Amino acid sequence: MVLLIVVWCTAAGAGPAHARTDVCATGGLAGARASASLRLEDRHRSQTRIAGRLTVHVPARWAHTGGLLLGEDADGYRLAMRCLARGPDPQWQWWDEWRPHRPVITPDKGGLAVRIDTYGWADDEGTTFTGPWDVEIGHDHWRVRLDAPPALRRVRWSSVVVDPGSASALRATPPPTTRQGPQVGPQGDAAGSHG
14 MVLLIVVWCT AAGAGPAHAR TDVCATGGLA GARASASLRL EDRHRSQTRI
64 AGRLTVHVPA RWAHTGGLLL GEDADGYRLA MRCLARGPDP QWQWWDEWRP
114 HRPVITPDKG GLAVRIDTYG WADDEGTTFT GPWDVEIGHD HWRVRLDAPP
164 ALRRVRWSSV VVDPGSASAL RATPPPTTRQ GPQVGPQGDA AGSHG
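Everything in the sequence shown is counted per the working numbering, starting at 14 for the first residue and increasing by one.
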């Protein structure tokens with residue numbers, strides 16, 4: 014039996030020191046909505062496919078919303094997408110992340126909806142970074158952590174879903190809920206088995 018642990022990070026690092034170097038203009042994203050999901054697909058293979066989705070409803074008032082409407086090679090587009098998908102972490106961290114298609118950007122009431130689908134393969138002990146998710150494979154446990162970029166730590170999270178596939182969850186903190194409606198702030202921890 015292998016233990017699966019899910020962690021939903023708190024807003025650490027979004028304090029005054031971060032505000033001085035806020036190239037992402039995170040204040041303009043306060044009150045924006047986001048959702049994230051992760052699915053572990055083992056299908057009895059030697060590797061497990063990790064499929065993630067991040068959707069952010071970006072308000073028109075955010076300083077970088079216009080950049081999302083530019084071409085993918087434009088500096089404004091790259092900065093806006095980095096703010097939503099990465100944050101300041103080094104690029105090497107995502108060397109094992111793949112995208113089945115480009116981010117999907119559609120008009121949304123009062124702004125834009127940005128959907129980023131990612132996937133990766135977990136086949137050895139260590140950590141795999143896929144979108145905003147960190148999946149740590151240990152000898153006898155898996156740990157799944159939603160590590161939202163700093164720009165998204167103050168948004169309203171409408172849902173955070175982890176589908177362990179053929180595994181089953183053993184514990185979760187806060188307890189899993191089907192409660193509808195936006196929740197404020199990413200935080201939490203859960204555990205289960207994956208085999």
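Each hint should be verified, as a subset may be incorrect.
[What the hints assert, rightly or not] With beta-carbon atoms standing in for the labels, derived distance ranges: (1) A73 - S171: 38 to 44 Å; (2) E138 - D35: 34 to 40 Å; (3) G79 - R128: 26 to 32 Å; (4) G139 - D88: 30 to 36 Å; (5) G123 - V36: 19 to 25 Å; (6) G89 - D136: 34 to 40 Å; (7) A87 - R112: 17 to 23 Å; (8) D176 - S59: 17 to 23 Å; (9) A73 - P188: 35 to 41 Å; (10) A87 - P120: 16 to 22 Å.
Hints listed in this document are in silico derivations from the structure and should not be mistaken for laboratory results. It should be emphasised that the depicted structure is a prediction, and the values quoted were computed from it without experimental measurement. Even for Gly, the Cβ is constructed at its ideal location relative to N, Cα and C.
Going through the hints against the structure:
1. A73 - S171: 38 to 44 Å: violated, 19 Å
2. E138 - D35: 34 to 40 Å: Given a distance of about 36 Å, which is inside 34 to 40 Å, the answer is holds.
3. G79 - R128: 26 to 32 Å: violated, 19 Å
4. G139 - D88: 30 to 36 Å: Holds - the Cβ-Cβ distance for G139 and D88, about 33 Å, lies within 30 to 36 Å.
5. G123 - V36: 19 to 25 Å: holds, 23 Å
6. G89 - D136: 34 to 40 Å: holds, 37 Å
7. A87 - R112: 17 to 23 Å: holds, 18 Å
8. D176 - S59: 17 to 23 Å: This hint holds: roughly 20 Å between Cβ atoms.
9. A73 - P188: 35 to 41 Å: At 36 Å between Cβs, range holds.
10. A87 - P120: 16 to 22 Å: The hint (16 to 22 Å, Cβ to Cβ) holds, given that A87 and P120 are roughly 19 Å apart.
Of the numbered hints given earlier, the model fails hints 1 and 3; all others are met.
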